[in-house]
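S.K.: Residue-level listing of the chains:
Protein chains: 4
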Amino acid sequence: MKIAVIGCGYWGPNLIRNFVQSHKIQELICCDLDPNRLERMKNLYPSVEVLSDYKKLIEMPDLDGVAIATPVKTHYPIAKEFLAQGKHVFIEKPLTHSHDTALELVKLAEEKEKVLMVGHTFEYTAAVNKIKSIVENGELGKILYISCIRANLGLFQSDINVVWDLAPHDISIILYIFGITPISVNSQGKAHFKDGIEDVATTTLNYDNGVIAFIHSSWLDPNKIRRTTVVGSRRMLVYDDIEPQEKIKIYDKGVEVPPYYDTFAEFQFSYRYGDIHSPRIEDYEPLKKECEHFLACIQKGACPLSDGYSGLRVVSILEAASRSLQLGGRSVAIQGLKSMKRKFKNNGNGFLMASSWK
Amino acid sequence: MKIAVIGCGYWGPNLIRNFVQSHKIQELICCDLDPNRLERMKNLYPSVEVLSDYKKLIEMPDLDGVAIATPVKTHYPIAKEFLAQGKHVFIEKPLTHSHDTALELVKLAEEKEKVLMVGHTFEYTAAVNKIKSIVENGELGKILYISCIRANLGLFQSDINVVWDLAPHDISIILYIFGITPISVNSQGKAHFKDGIEDVATTTLNYDNGVIAFIHSSWLDPNKIRRTTVVGSRRMLVYDDIEPQEKIKIYDKGVEVPPYYDTFAEFQFSYRYGDIHSPRIEDYEPLKKECEHFLACIQKGACPLSDGYSGLRVVSILEAASRSLQLGGRSVAIQGLKSMKRKFKNNGNGFLMASSWK
Amino acid sequence: MKIAVIGCGYWGPNLIRNFVQSHKIQELICCDLDPNRLERMKNLYPSVEVLSDYKKLIEMPDLDGVAIATPVKTHYPIAKEFLAQGKHVFIEKPLTHSHDTALELVKLAEEKEKVLMVGHTFEYTAAVNKIKSIVENGELGKILYISCIRANLGLFQSDINVVWDLAPHDISIILYIFGITPISVNSQGKAHFKDGIEDVATTTLNYDNGVIAFIHSSWLDPNKIRRTTVVGSRRMLVYDDIEPQEKIKIYDKGVEVPPYYDTFAEFQFSYRYGDIHSPRIEDYEPLKKECEHFLACIQKGACPLSDGYSGLRVVSILEAASRSLQLGGRSVAIQGLKSMKRKFKNNGNGFLMASSWK
Amino acid sequence: MKIAVIGCGYWGPNLIRNFVQSHKIQELICCDLDPNRLERMKNLYPSVEVLSDYKKLIEMPDLDGVAIATPVKTHYPIAKEFLAQGKHVFIEKPLTHSHDTALELVKLAEEKEKVLMVGHTFEYTAAVNKIKSIVENGELGKILYISCIRANLGLFQSDINVVWDLAPHDISIILYIFGITPISVNSQGKAHFKDGIEDVATTTLNYDNGVIAFIHSSWLDPNKIRRTTVVGSRRMLVYDDIEPQEKIKIYDKGVEVPPYYDTFAEFQFSYRYGDIHSPRIEDYEPLKKECEHFLACIQKGACPLSDGYSGLRVVSILEAASRSLQLGGRSVAIQGLKSMKRKFKNNGNGFLMASSWK
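Residue numbers (the numbering used here), protein chains in the order written: chain V, 55 to 412; chain A, 55 to 412; chain S, 55 to 412; chain B, 55 to 412.
Because the hints were derived from the structure by calculation, they are not lab data. Quick reminder that beta carbons are idealized off the backbone N, C-alpha and C, glycines included. Some hints here could point you the wrong way.
Unchecked claim - FRET-style restraints, in silico, Cβ to Cβ:
#1 A/I234 with B/E310: 37 to 47 Å
#2 B/D262 with S/Q380: 12 to 22 Å
#3 B/E310 with A/L98: 36 to 46 Å
#4 V/K96 with A/V311: 27 to 37 Å
#5 V/K110 with A/I234: 50 to 60 Å
#6 A/Y338 with V/S324: 49 to 59 Å
#7 B/S187 with S/D337: 14 to 24 Å
Next up, chain V with everything else stripped away, as it sits in the complex (with noise of 0.2 Å):
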């Protein structure tokens, strides 16, 4: 195969990194405006190829498929020509900077019948799978309320604020681990060193089965937090990934209600204490998985755990929160993504297919 990175700043030299080690390239393009980029990763990979203008690649017709990990706002307008082209296309999380646009990609890959993957890394952990079958399994019994901490100094980005830079991570958690959208969102936050762009805040996701999930994201913490809380009836689990040997701990306790109670004085909640357990993690590094996964849906016509509608759906939370952000906090609802049908099904490989593909 032959791919091609777009963007070589922060992000992009860890595709690439991973490209390289990968059986499935035989060419690999590393494109980028800044020349000293380009040469640092050339010196790194003395075997990539190295291109100032992303334009050229259009024309190149044995090119497979693109990586773009440039600043958000220019996601959307790279992947369309790139898919109109019939390209492949693996897009760093958030997929785009607004709900229509993200739609209209996942509407053209669907056309072009290409691979639209967002990269949404935690989905491909094995400790977010590890939580997803605790879930399923029904461990931890009904869930009650998520709650998320993604803070740490840096790194400010200047065309996004910290919702749109943190939480695509939480969320896409949340919507893997859960399956279902929330009906609303409300955020608050502050910008304090550059209007607009708010550099801590606390967004809420509101479910109509009960559910709340909390996200609160920071570039300003001195501590580096990456905590998630999973509250369940039955059981409670915190999955923090700082921590190197037990990053998933399932405690044993709970509220019981009683079964009835005829007066208010009567009303006693007994509490449940037990055991710790804190299950083995398998260690290995996600965005290998990740890059693997984006080259094997290539090859075998399949869509991504990770597809265009999984970013669409963070997209339209994150536009959400950026609207109830500028309403003081006010609940803003999330339209059109439960109405939604996805016409995917499994190809047979393991994979699931759009249904209209070979």
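Got chain V; can you put chains A, S and B on it based on the hints?
M.R.: Quick look at chains A, S and B alone, frame taken from chain V:
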């Protein structure tokens, strides 16, 4: 002095334990409707008197004051009776269940020239006072935001939600440290076990000087968390009340904005990473200090640190938070507080005193 | 029952607090040469009697027993007087300052058919009993080694070194859990502040079944550490007594030796990394359980869990450690213990009893 | 420069990775008996040459030096051949398997005026250099003791025990920071899996100035521990290499001895509890610095920081520890080192140089 404690349930016994050890008290009366609780108190502290009906206390001419640790909604009616009879009154936080009742108690105490104190215990801790002095010395620079988490499993309250139960600690700490009152509040939460009694919530305090404060409160978290992060323009501070040895850490970290920049591309922050410092915090029981402060204020005719007005401010914010919860997280203004002028001045004993007092 | 506590310095008041709350005691006497200490006890617990000269206790015919919490070198002479007069005796750890004196007390108690108990508090904790049952159930496989650290800043003892002060806890835990007695001891340490009083030391217990135990004791560590690691052939366990919530963690980790190998080059271990499990530990005050146990043994004529023989074993090991310290760390055999036959049997009340007792 | 790395097993690839990135090297040769390892190196770094027989290197006239990362017992014969041929030599720690062979290499390097460097990586870390400067500035006061723990599960070595594998790090850190050499060593340990290969041990270094150092080494601990505690008369320091953000903590704690005291009863220490300070530690890869240092020493004819004499000192201590293990923990003197006079002086390039060199 002769003092009575009304309510010997969860918190009352802690007050009793401290009052028993005080040299300022000659007679201590424990009052509760439940005879079992009274018996337990009598067994633990044979020197106390016990009483089931608090009404009898009102008629005792030599009673100096009462400490009220009953369910929140009974604070107002009980306190009102004692203030009206010219008794000094201590009330567990929150002061009352509404702004109007709290304001009425504040006015009544001023009119009767009696002490009205609220049990904002954290204002008496060495850690919070250390943070206050660090903030006031400008060590952190301009304050950008505060983020508080107060969570653990239990204890559910039957008459108030988790915001009224846990957030008063955070709100009183924030008000105490920063002095100023927020202009509006947002709150988002969910009641999973008992209708109308939210068990998890996130509350945001908005200030007109750009500061924002986030308060996460939960009765359903597997871990006990008591953490306050104060982010300043020069340094950042984390106060972790669970940590036995390093309760406060000051991080010499921050973001520096360049003096000017012409184009968007030039826009660059610089980050400062530096030493971490953990000041030694004196070790004492804050509740003992709080109880002694109440007795000292009675003796000196002084206004307590956590006076009725302090309690009123917290209740006003809680009431706005409750309203925001009902309105789906929308911003709710806090009214009346900014225009209120405190009428206290220093009485020369190192305490503030109402100006109209002798 | 009528009980006296002799010594109201550092530890005595903890015994007094627990005895005061016991329903089994009608009269409690506090005894100390220092009138200030006695006054403090009288203030805290008005119901106790105070006495400066312990000799007067010996003549009290209705006194059932004494608890001795005086400096270590006075344990033996005081205890001997009371046992000789037929009183039941509890002694704080270590039992005495030498093997010979400890053995004499054990024999005297047996002869007089009185309870002789030593304050090995950790044998009464839920955590240590949990570990004992885990080890006995074979969950850890064959035990390979134990490593203990007990360190913090202070408190210096004036008459005993850090090994005699801190290691009795670790030694009694190890003896209690594993039952068997080591064959020899090494100890290396240093006295930095007071000649002959080592303030830091590492002690090794050698067993004839291949087990080895390391005990690091320090009065000069900046952090409070109370950690015991038990490494078994199947699983490993860490007991961290400072940890509030996860005191015990069981690691499903280990080394597996292949069944056979021909050449050195073929020699390969395989490692097993698995889940981590933290069992819930019941929360109670072990000292309360210990004090009640002493009283119950008196009532039932039973042999305590931590009886005189248990105290003797610890003292024998401490004495060998002292000798090793003098010999520059050389191995010193522990004599006499292996050949001693315990003469106790179950008395039908769930307690062991000396066979010669009624 | 032309450099060869001999041994591409566990550690060699780390050296290769750093040499590949060095601008000082034109030709890099990887040498190993195992063709699979060579193939892996060639795949990772296409620019390197590979070679199976190291003997061929000796004859290369333009080869500047070799880095030896083979099993410990082969260090001496291989290094000797290269030094004899006038090649510069870097050897992974420990330098050799015995004092005599180490001394022979040191003398041979001096005679041939070639660089002999040992891979004591920690001497090149920012943390250890920070501690060295803190100790030398007297911030900790007089050093009383050092306590080191280095433990985790695996990796077993087949030819050396856990002391020879892990303790060289601790010993080289201690020697580097404090300069002086201990006079004797005790070591106690046990081989549970392979006869003669201890997998857990505690080693004590005794100094004639009153300092004592404890080193606990284990291949069988469920947790990865890398902790060094340095206790001084004025302050205490903990270096935790696992901690990502606060590797070094300085505790303003200590014991103060009163100036004089008459009687035993008067004898009282006072304790000082103060702030905790964690200096920021620069973040770089120490191995890169170490590799560059080797190349710089070759270029400048300079003596490395961790030179052959440094390696010899560590080996002498390890040999004494092995002897103590055989003697059941008895103290074993370290001979010869105190009387050896280093013959190096500063060569004006900021490096020490053998005085006999040009």
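S.K.: Between the beta carbons of A/I234 and B/E310, is the distance compatible with 37 to 47 Å?
M.R.: holds (44 Å)
S.K.: Quick check: does the Cβ-Cβ distance between A/Y338 and V/S324 fall within 49 to 59 Å?
M.R.: The hinted range 49 to 59 Å is violated for A/Y338 and V/S324, with Cβ atoms some 35 Å apart.
S.K.: Between B/D262 and S/Q380, is the Cβ distance one that fits in 12 to 22 Å?
M.R.: The hinted range 12 to 22 Å holds for B/D262 and S/Q380, with Cβ atoms some 18 Å apart.
S.K.: Return holds or violated for the Cβ distance of B/S187 and S/D337 against the range 14 to 24 Å.
M.R.: violated (46 Å)
S.K.: May I ask you to test the hint 36 to 46 Å on the CB atoms belonging to B/E310 and A/L98?
M.R.: holds (39 Å)
S.K.: Range hint 27 to 37 Å: satisfied by the CB atoms of V/K96 and A/V311?
M.R.: holds (34 Å)
S.K.: Given a hinted range of 50 to 60 Å, is it respected by the beta-carbon distance of V/K110 and A/I234?
M.R.: For V/K110 and A/I234 the Cβ distance comes to about 58 Å; the hint holds.
Checked against the numbered hints given earlier, the structure breaks hints 6 and 7 and satisfies all the rest.
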